[in-house]
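Chain residues, written in single-letter form:
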Amino acid sequence: MALLSYLISGLGLGSVYAIIALGYTMVYGIAKMLNFAHGDVIMIGAYAAFFAMTRFGLPVLLSVLLSMVVCTVLGVVIERLAYKPLRQASNLSVLITAIGVSYLLQNGAQLLWSSSTKVFPSILAGGSLQLFGGKLSVSWLSILTILVCIAVMVCLTLFVNKTLTGKAMRACAEDKGAALLMGINVDRIISITFAIGSGLAAIAAVLFCAAYPSVYPTLGSMPGIKAFTAAVFGGIGSIPGAFLGGLLLGIIETLAKAYISTQLADAIVFAVLIIVLLIKPSGLLGRKISEKV
Amino acid sequence: MGNLFKKMFSRENRGRTASYLIIIIAYIVLEIMRLSGNMTNLLSSLLVPVCCYITAAIALNLNVGFSGELNLGQGGFMGVGAFTAVVVSGSLAGVIPNPVIRLILAMIAGAVLAGAVGWLIGIPVLKLQGDYLAIVTLAFGQIIKSLITNLYVGLDKNGMHFSFVDNHLNLAEGGKVLISGPMGATGTERIATFTAGAVLILIALTIVYNLIRSRHGRAIMAARDNRIAAESVGIHIANTKMLAVVISAALAGAAGALFGLNNASLAASKFDFNLSILILVYVVLGGLGNLNGTIIATTVLVLLPELLRSLQDYRMLIYAVILIVIMLVSNNEKMKTGLERLRRKTGKGADSHA
Chain A
1 MALLSYLISG
11 LGLGSVYAII
21 ALGYTMVYGI
31 AKMLNFAHGD
41 VIMIGAYAAF
51 FAMTRFGLPV
61 LLSVLLSMVV
71 CTVLGVVIER
81 LAYKPLRQAS
91 NLSVLITAIG
101 VSYLLQNGAQ
111 LLWSSSTKVF
121 PSILAGGSLQ
131 LFGGKLSVSW
141 LSILTILVCI
151 AVMVCLTLFV
161 NKTLTGKAMR
171 ACAEDKGAAL
181 LMGINVDRII
191 SITFAIGSGL
201 AAIAAVLFCA
211 AYPSVYPTLG
221 SMPGIKAFTA
231 AVFGGIGSIP
241 GAFLGGLLLG
251 IIETLAKAYI
261 STQLADAIVF
271 AVLIIVLLIK
281 PSGLLGRKIS
291 EKV
Chain B
1 MGNLFKKMFS
11 RENRGRTASY
21 LIIIIAYIVL
31 EIMRLSGNMT
41 NLLSSLLVPV
51 CCYITAAIAL
61 NLNVGFSGEL
71 NLGQGGFMGV
81 GAFTAVVVSG
91 SLAGVIPNPV
101 IRLILAMIAG
111 AVLAGAVGWL
121 IGIPVLKLQG
131 DYLAIVTLAF
141 GQIIKSLITN
151 LYVGLDKNGM
161 HFSFVDNHLN
171 LAEGGKVLIS
181 GPMGATGTER
191 IATFTAGAVL
201 ILIALTIVYN
211 LIRSRHGRAI
221 MAARDNRIAA
231 ESVGIHIANT
241 KMLAVVISAA
251 LAGAAGALFG
261 LNNASLAASK
271 FDFNLSILIL
281 VYVVLGGLGN
291 LNGTIIATTV
301 LVLLPELLRS
311 LQDYRMLIYA
321 VILIVIMLVS
331 NNEKMKTGLE
341 RLRRKTGKGA
351 DSHA
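Chain order of the listed sequences is A and B. Under my numbering, the first sequence is numbered contiguously, ending at residue 293. Under my numbering, the second sequence is numbered contiguously, ending at residue 354.
If you are wondering where the hints come from, they were derived from the structure by calculation, not from laboratory data. Do not take every clue at face value.
Below, computed lysine-lysine pairings styled on PhoX-like, alpha-carbon distance capped at 20 angstroms [to be verified]:
| id | chain 1 | residue 1 | chain 2 | residue 2 |
| --- | --- | --- | --- | --- |
| 1 | A | Lys84 | B | Lys336 |
| 2 | A | Lys176 | A | Lys32 |
| 3 | A | Lys84 | B | Lys334 |
Going by beta-carbon spacing under 10 angstroms, a handful of chain B positions derived as facing chain A [stated by the list, open to error]:
| id | residue |
| --- | --- |
| 4 | Val64 |
| 5 | Ala139 |
| 6 | Phe140 |
| 7 | Met160 |
| 8 | His161 |
| 9 | Phe164 |
| 10 | Val165 |
| 11 | His168 |
| 12 | Leu169 |
| 13 | Leu171 |
| 14 | Ile322 |
| 15 | Leu323 |
| 16 | Asn331 |
A virtual CB, placed ideally from N, CA and C, is assigned to each residue, including glycine.
Using the sequences plus the hints, can you model the full thing?
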């Protein structure tokens with residue numbers, strides 16, 4: 001029973017990673033860049049939701065929506081100002097710019113809201129679901145997080161596979177030049193991708209802060225790096241891969257904390273990543289791309 | 001003599017001579033300033049760290065610039081070097097009282113261990129194509145930080161004691177704790193000197209310059225420029241890239257060793273992802289494959305936040321903005337063509353190994 005309860009809380013944590021990893025993987029798939037500022041968009045989302053709830057007293061759902069709007073706008077603005085002028089530049093220049101944006105957001109947040117930790121209000125009445133006559137207790141928050149993640153996954157899959165914009169996104173991921181020739185506005189598609197990824201980051205921010213209720217300027221770094229790991233783990237560029245990678249990473253982390261060592265959980269997570277990459281370099285669900293001569 | 005002079009300033013040696021001159025002149029000037037007491041405490045406390053960062057950045061440039069492999073774990077290699085050096089120096093304190101010999105031994109130990117770790121990472125990764133070295137070194141940096149954070153090392157009359165995760169050192173009376181888990185290295189004897197730092201940079205420059213001019217160095221750059229063409233002329237890609245990774249890791253280890261012995265206490269969290277990124281920023285802003293650029297960019301970027309100290313809270317914000325603006329401007333098409341035209345007018349042509 002203990003194992004089952006760890007598995008479920010691992011799925012809860014993994015769902016958050018999965019939602020963040022979707023942002024990394026979609027941007028990588030289409031813009032072919034590692035957006036290291038994604039973690040800090042999460043942090044801004046957390047602050048937005050925090051202020052919406054505490055200072056403006058908005059209900060939870062409305063706060064989440066507001067936070068999503070803030071993050072979406074932020075994501076699109078970052079892309080326009082910082083990344084768009086670098087379309088033709090080397091990958092490294094884009095990477096350094098993303099790092100610059102990350103520093104900018106972190107230090108901006110520190111200036112505006114100080115580096116002291118703020119306590120995130122709870123979004124759910126506490127308590128947990130008791131199953132099997134009280135032998136298995138599952139927190140409502142884990143259940144909510146898993147459900148949200150499933151909903152996000154279903155919506156995103158439908159969007160990418162069924163709509164015209166989704167088709168254009170897949171075309172851009174496949175071959176940007178060819179997509180341009182077919183009359184697809186590639187810049188617009190990249191903006192939409194950033195908008196979706198950043199909007200999802202806001203959802204992840206609220207769920208993450210509901211589980212670990214403290215808000216501070218470097219909040220996004222660790223979940224950002226872990227979600228990036230999850231995206232690579234599942235096969236970067238692949239949406240189901242990010243989903244699977246996120247969930248597995250959450251489960252591995254929770255089980256490692258429970259059965260091996262709390263302090264070493266991070267080391268174990270990253271060691272598993274290295275092992276997976278050694279066995280299957282393209283990640284669990286990634287496609288193998290052969291180089292053309 | 002005249003011949004040597006001509007050779008030193010010939011076109012292909014100009015960059016190299018400039019590197020050595022920058023370091024030697026800067027060393028002499030700073031050392032005179034320091035000894036005559038004309039240096040602020042802040043500046044003198046930055047001397048050794050700047051040397052460490054420059055060495056680590058030169059090493060990373062070998063990886064990113066010359067070998068074309070992104071390495072996001074340079075901080076991890078420095079961490080390996082630093083904590084190896086702390087243990088070696090601490091345990092030899094009774095045997096070898098001379099701090100200079102102890103420092104040299106500790107730095108060699110740090111370099112050897114970091115190089116060995118680089119080799120271990122390289123074996124599986126370099127067989128693959130793509131950004132795998134970047135991801136695996138990123139993961140490695142996290143793992144190393146987490147492992148050292150849980151490491152306890154102590155020394156007493158019965159020898160060395162190691163302990164992992166929980167502190168069970170059980171030192172005898174008079175024993176000394178060298179590494180204490182999350183606290184990191186404590187009570188380290190500060191034996192690092194500015195002279196050692198300057199010598200380390202000169203050694204790093206000599207190694208990298210000689211390597212890239214050698215047969216192996218040309219193979220490294222050929223593998224970067226066109227993997228398939230390089231393979232077709234008989235270059236073993238994995239072995240060639242491995243050479244760059246191991247040398248880079250070893251130099252970073254030596255730099256870390258010097259860094260570790262410059263601080264009385266040092267936590268493993270210093271050697272995190274941010275440090276790796278910071279060094280990468282130095283390399284990219286200095287110019288890939290340009291060691292003079294690396295030296296200047298590192299010095300300026302280490303000093304910049306300190307010089308901006310009067311702006312207090314805004315300094316890191318300004319730093320971030322400068323970083324973004326430099327990237328946007330240097331990649332601006334109009335700027336690029338303008339610079340190219342200027343270069344052609346002055347007749348210098350493109351840099352030989354840019």
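Tested hints:
Between Lys84(A) and Lys336(B) the alpha-carbon distance is near 17 angstroms, which keeps this suggested pair within the 20 angstroms criterion. Restraint check: the Cα-Cα separation between Lys176(A) and Lys32(A) comes to about 10 angstroms, which is no more than 20 angstroms; the hinted pair holds. Using a Cα cut-off of 20 angstroms, the hinted pair Lys84(A) and Lys334(B) holds, with the two alpha carbons roughly 15 angstroms apart. The criterion of a C-beta within 10 angstroms of any C-beta in chain A is met by Val64(B), whose closest approach is roughly 7 angstroms, and the hint holds.
Among the interface hints, the one on Ala139(B) holds; its C-beta lies about 4 angstroms from the nearest C-beta in chain A, closer than the 10 angstroms criterion. Look at Phe140(B): its Cβ gets to within about 7 angstroms of chain A, closer than 10 angstroms, so that hint holds up. Restraint check, Met160(B) versus chain A: the minimum CB separation of about 22 angstroms is more than 10 angstroms; hint violated. Of the supplied interface hints, the one on His161(B) is violated, with its beta-carbon coming no nearer than about 19 angstroms to a beta-carbon of chain A, more than 10 angstroms.
Checking Phe164(B) against chain A by beta carbon gives a least distance of about 9 angstroms; that is within 10 angstroms, so the hint holds. For Val165(B), the suggested interface contact is upheld, since its CB lies about 6 angstroms from the closest CB of chain A, less than 10 angstroms. The interface hint given for His168(B) is violated, since its Cβ lies 14 angstroms from the closest Cβ of chain A, which is over the 10 angstroms cut-off. With 10 angstroms as the threshold, the beta carbon of Leu169(B) stays out of range of chain A, its nearest partner Cβ sitting at about 16 angstroms, so the hint is violated.
At a threshold of 10 angstroms, the smallest CB-CB gap from Leu171(B) to chain A is about 21 angstroms, leaving the interface hint violated. With a cut of 10 angstroms, the hint placing Ile322(B) at the interface with chain A holds, because the nearest CB-to-CB distance is about 8 angstroms. Residue-level restraint check for Leu323(B) holds (minimum Cβ-Cβ distance to chain A is 4 angstroms; threshold 10 angstroms). Restraint check, Asn331(B) versus chain A: the minimum CB separation of about 4 angstroms is within 10 angstroms; hint holds.
Hints 7, 8, 11, 12 and 13, counting from the list given before, are not met by this structure.
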